[in-house]
Amino acid sequence: MKKMLILLLLLSLLTGLIGCRGEKLSEETGGSQQSDSVTDNGATERPKLTYWFGLSSFLRDQVTNFGETPLGLQIQENAGVDIEFIHPAGDSDDEIKNSLNLLIASGKFPDIIEYKFFDHYQGGPERALADGFLMDLTELIPEQAPDLFTYLKNNPDIDKAVKTDSGKYYTFPFLRGSEIQTVFFGPIVRTDYLEKLGLDEPETIEDWYGMLKAFKEELDIPAPLTYESWMNNETLGVMMGAYKTANDFFIDDTGVVKYGPATDEYKEFLTEFNKWYREGLLDVDIASLDRKQVEAKVVNGDAGASIGYSGSRLGSWLRATEESNPEFNMVGVTYPVLNKGEKPFYGHRSRMYPGYGAALTTQCSNVEAAMRLLNYGYTNEGHMLFDYGTEGITYDMKDGKPYYTDKYSDSDNRFRDLYVRTTSCGPFIQGPFHNFGYEYLPQQKESIEKWNYSNVGQHMLPFVAPLEDEIDEYAMLFNQINSYREEMFYKFLFGQESLDNFQEYVSNMEQMGLQKVIQIKQDAVDRYNNR
Amino acid sequence: MVLPIMIYFVLFKYLPMYGTMIAFKNYKPIIGFFDSEWVGLRYFHQFFSSIYCWRIIKNTLLLSLYSILWGFPAPIILALLINEVRSKVFKKTIQTITYIPHFISMVVVVGLLKDLTITSGLINTIRELMGFSREPLLQIPSYFRTLFIGSDIWQQIGWGSIIYLAALSGIDEQLYEAARIDGANRWKQTLHVTLPGIQPTIIILLILRIGKMLNIGFEKIILMYNPSIYETADVISTHVYRIGLLDNNFSYAAAIGLFNAIINLILLVSANQLSKKYSDTSLW
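Just so you know, the sequences run in chain order A and B.
The letter at position 359 of the first sequence is residue 359 when you use the working numbering, and the numbering goes up by one with no holes.
The letter at position 50 of the second sequence is residue 50 when you use the working numbering, and the numbering goes up by one with no holes.
Source of the hints: derived by calculation from the structure; they are not laboratory data.
All values derive from a computational prediction rather than experimental measurement.
One or more hints might be untrue.
As the list claims (entries may be wrong) - Pairwise CB distance ranges (calculated):
1. A:Asn508 / B:Ser142: 14 to 24 Å
2. B:Arg209 / A:Lys2: 17 to 27 Å
3. B:Thr146 / A:Arg531: 47 to 57 Å
4. A:Asn78 / B:Phe218: 25 to 35 Å
5. A:Asp523 / B:Glu128: 51 to 61 Å
6. B:Ile68 / A:Arg60: 37 to 47 Å
7. A:Glu179 / B:Ile123: 40 to 50 Å
8. B:Phe90 / A:Asn508: 51 to 61 Å
9. A:Pro142 / B:Leu11: 50 to 60 Å
10. A:Glu342 / B:Thr146: 40 to 50 Å
11. B:Thr281 / A:Gly280: 56 to 66 Å
12. A:Glu342 / B:Ile68: 36 to 46 Å
Beta carbons: idealized from backbone N, C-alpha and C, even for Gly.
Chain B on its own, in the form it takes in the complex (with noise of 0.2 Å):
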């Protein structure tokens, strides 16, 4: 029963891994895979030697890393807020209003946002009632992170919230009940009994996650960035793009691409056994 699934992964994973030797030749796509010329770890060298290596590491590791910090608490925090709400109606509209975002191409949000940022825009109206001077946020480096991370985490919200409120509606409620015989108020019921709860739940999606941490939204970044603001918008990924890409430089894409592989594999094996030592749960 299971050799279909595993003929197929088979096939379409494993197989076509051998494809990745390009990030190891001068792969010209008219000449093909096996006759392209093999240089070694030419790109590698490329990449790490060149004078932006450092900051596009930087970038991207950061970028990832506020993204956890502030990105995935946040779903968690609006489901134990939701969790709490007595209304059914109040409860499904607040639902409701922020999944929805989440249905909404990433294109039309970046123009959504191109346009509120910019100098006569809407965030700088609100800034400058605030007492602030309207500034080109996209134009200023230490806003950028600000900006992307906030834009996800106010389309994302909702619908991340969705698997935890699932997990919440699972716990039993005379786990509630012993709690509060023992005298805890909502918030020590919270830290006690609804976090422990859902923790299994949690930290698979953080092993996920983390997992993911290197392959930051290429697409996003793209779509919000300008060179004015390259020092911190800049990524591993964008900048292969236009170094590698855009002038066909398949070998350089696929090297970076397999170093970004790497990382990750270690950091998501590493997420595990961290998981599996310190916890019950963990990914295998």
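Isolated chain A (complex conformation) (with noise of 0.2 Å):
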């Protein structure tokens, strides 16, 4: 019986061992299993290429290769060239670094590598072509990559934003094709509590503080406004707007860049925050919760207003509770302003370029090729194919425009994403209707065009990087004064400090380096605008 059992346990040990190590085998060679069997028709051998990029958490529970879906087959087919996949483990963006690096280290480059080298990889772009691990596509891209090359000559913002500091271009971009896309995430209220309390939806920070304080003692709500504690950072420039600031870096009105959690504008706002905290109109854990426990406060009714996406807070939201709470409504709504009348100052805003793309490595065993696959992306066909997928499944063409399927609005990520690239990021540019294709609630819809509505596009910093030497510094006192102003909003939120010291917090920061630090940004800014 003994002998049995120790069998039994060695035995599913082994087959373990094994089940792993085969797992890993598909997934270095299941792009190119796919890709010998679609060159036995071809009479001229296709060129191979390595591909690098994270594969999709929709996709990771249905395949262990790119190269298996329809999307992966149909791009080999059209660009005409056969391409092996390669994924880093796991999704979350550290582990994407951390899987970058071990193949910098390694020495050993694949063709094309996706990866959001703008904000991720330390020193950006420059330093990447520098580090001889990017190839400069300076000369290449205007001859070899001809769609690519007539959009950027046609948008010359984005033309800049693409490039290096140097003028060099370095990446197949991801781009949104519009403004709107860009927007979406901002404050979210409760319109049917609005409703039962004859309350017009909040635009100043009156109305605001108003409506929390309703929503406390007249609906006895616990926690009438609650979010996610890590957006406590910079995107809590969606409510600092109203006094003129952002919790981050900005440029002012007089094209000055300043740093906000150092303004006396942020002691305004810290003073009126930590007014709502003391009345419980804040919700007391607002440190600690995580997305889990704000979604259960706002589908059970214990919150009146919150702060997230349209798509995967808002939607989610809306959709959790279409069948169990009818009633239940929320929008979002302008972010607020001081006096009524006012245009927001701050917002949110994503980037028409968010630093992502495809790239060559200065190992690319075929730059012909690698060129051509990564200008499909902005080709007409391209730009379908990526965005609405494969025609009869994911969408159909109705008076000679794309509409998606009912099986396509229906389903969630993990169908999207087998036919489409539109739902996260890669080398193309995104259409505008795939946020309606996609948000099709009227809330949502409603929501992305209040947060339209703002000055942010004047007052947030372009993507911009310190120079080479100066990184080091400037990582070293940046991550002090950061870590330094996380602590102290804390205490001034829940009045641990008094707001009288907020000088001494000021210069506490000085101390540490902020003007160098401002002053390391401003030059960036300035180099950025004479691109």
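Reassemble the complex: the two chains are provided individually, in unrelated frames, and hints are given to aid placement.
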């Protein structure tokens, strides 16, 4: 009996080990297995390329390699290239960063890499070129990527954003096709509660105060305003904009770069927010809430207002309560201002070029094929493939315009990601139709329009990076300042530190090198403007 | 016969130590180990001149100290208590119940903890019943250590007691008999027979524990903490994670890791020396 048990144990251990290794094998050869079957009918050998990018979490439980998806096969077919896809383990930003570092350390680069070079590669794209990691595409793009090049020439602002400070091209960028796609985050309010109380949607900070107080006192809501604690970072700018400041670097009305958490207006904001906290209008646990906890509060009616994304928060909250609570209604409201009639100073905006894209490494084995493959995303055909998918399955043409099929609209990303890449990022231009196919609820459309109304475009910093030799100093100084800011925010908010000591807090940041940091940012912005 | 083991140790443990040199260089993965610029003690200097330096060292030491102070005796006490129980069924049940939490993933435990400690959570409900007011427990710096160590004890006490129970079963029955004849009651027996009986086990485990003192559970703290409790929750490893690793500052992280390791080594050797002096047991 005992012997049987031991034998069973050993067997299960062995199968576990073999199982794991088996998976890894298929991950690396999955792509080439597919391509083998496709080249069989071609007379000439198709060029082969290796392509590294993070596989979407929705696809991870369905396939081990992108080459197995309908979209993966279609791209290879349309571009006439065989691709061996390689995926890093994990899908959080940090895990992918780690994987890239390991890749670089190994010294063996794939032909093409997709990555958020701007924000996540230390030193930025200029450094990636200088380090000999990425290939300089400045000479290649005009001739070998005509569709991308035309688009960039027609959109000089974007052209500026996708180059390095010295004017080099390095990427086939992910771009949003229109401004309105860059807005998808902001304050959200229970409109059914507003109706009950006979209130209008809040516009000013005063309105917000009144509304939250009414939530607490008349409707007995325990946490009138609640949101996930990580949103106490830069995104809190959506509330701070009322005071003409932000929770980050921003450009003021005179064109000067400022650091929001060191401005006097920040103190005014904190005073108000502290008042909200003391009177119980802000969730008591605001420093430690995660997504699930906030969702529970919102859906159960323990909260009256929140901050979040139109799709993954507002959209999913609305869908979750569709049947269980038909009265439930939430919609995004405009970013608050101080005086009625003002246009919000700051808010949320993602970028037309969020820093993500595909690039050729210096070890690219077939430059011509890689350029051709990546340019495909910017052709009309490529746009349709990436944005809409396969005709008949994910979209139909009606009167010459593409419309998503019901199957697409009713499904979630598990199905969509098999056919399109428009749900995340990639080397193509995301069409404006994406949003309206994805966000089909009228409340979401309304929210986006309201959040689009702001002056954030003039005040948000463009995507900039410090110079090569400034990076280490900048990182060390800024990380300390940021850490200090985070802690003090909560101390001021909870009243553990009196706001009378605000000046001391600012001078502490000065001592940590705040001026140097702001100077570095200012120089970077000036260089950007002169590109 | 020992040769394969020796080769294993040399190849995989000693040889890679040369990698610690990145603590003294401005390591860039793409340039590699040998070509990265030598900067000497720059990162050590950076670490020690940070305004948070004292705080994070203090937090690390305190957390470790309390963890040993409360967390180390707990499994011993549990083992002693279980040992006293007559009923076999009860014994087995208690053992199973107490060591099951060991198998729960740390992430799940912290998730539970988070849900229990928010203002509307169960722990606060109990506190209210006992006459205290509801508080967001994970936002108050002074509660952090209690929550951290308390949840650790809950999770590890059962599993940790297993080794002590094994040691307890190795104590000669005749010693107990002799003690009883001499007129010792249960308590005296515990003090003079049981504890000395498992003394070698306790000491070895204690020395090993001290050797890990500065490696306070990084993952668990990262999961549990938030900026409002950095005061007590921020330790060396979490601080370095934020400042160093998130920006791919490998050299900074390596430098602090080296500092950590050296301190651990000093503690380990000292603990061993002390133990050699005052008892018969030691690691080497």
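Taking the hints in turn, this is what the structure says about them:
{"no.": "1", "hint": "A:Asn508 / B:Ser142: 14 to 24 Å", "verdict": "holds, 23 Å"}
{"no.": "2", "hint": "B:Arg209 / A:Lys2: 17 to 27 Å", "verdict": "violated, 34 Å"}
{"no.": "3", "hint": "B:Thr146 / A:Arg531: 47 to 57 Å", "verdict": "holds, 55 Å"}
{"no.": "4", "hint": "A:Asn78 / B:Phe218: 25 to 35 Å", "verdict": "violated, 47 Å"}
{"no.": "5", "hint": "A:Asp523 / B:Glu128: 51 to 61 Å", "verdict": "holds, 55 Å"}
{"no.": "6", "hint": "B:Ile68 / A:Arg60: 37 to 47 Å", "verdict": "holds, 41 Å"}
{"no.": "7", "hint": "A:Glu179 / B:Ile123: 40 to 50 Å", "verdict": "holds, 48 Å"}
{"no.": "8", "hint": "B:Phe90 / A:Asn508: 51 to 61 Å", "verdict": "holds, 59 Å"}
{"no.": "9", "hint": "A:Pro142 / B:Leu11: 50 to 60 Å", "verdict": "holds, 52 Å"}
{"no.": "10", "hint": "A:Glu342 / B:Thr146: 40 to 50 Å", "verdict": "holds, 47 Å"}
{"no.": "11", "hint": "B:Thr281 / A:Gly280: 56 to 66 Å", "verdict": "holds, 58 Å"}
{"no.": "12", "hint": "A:Glu342 / B:Ile68: 36 to 46 Å", "verdict": "violated, 58 Å"}
Hints 2, 4, 12 from the list above are not met by this structure, while the remaining hints are.
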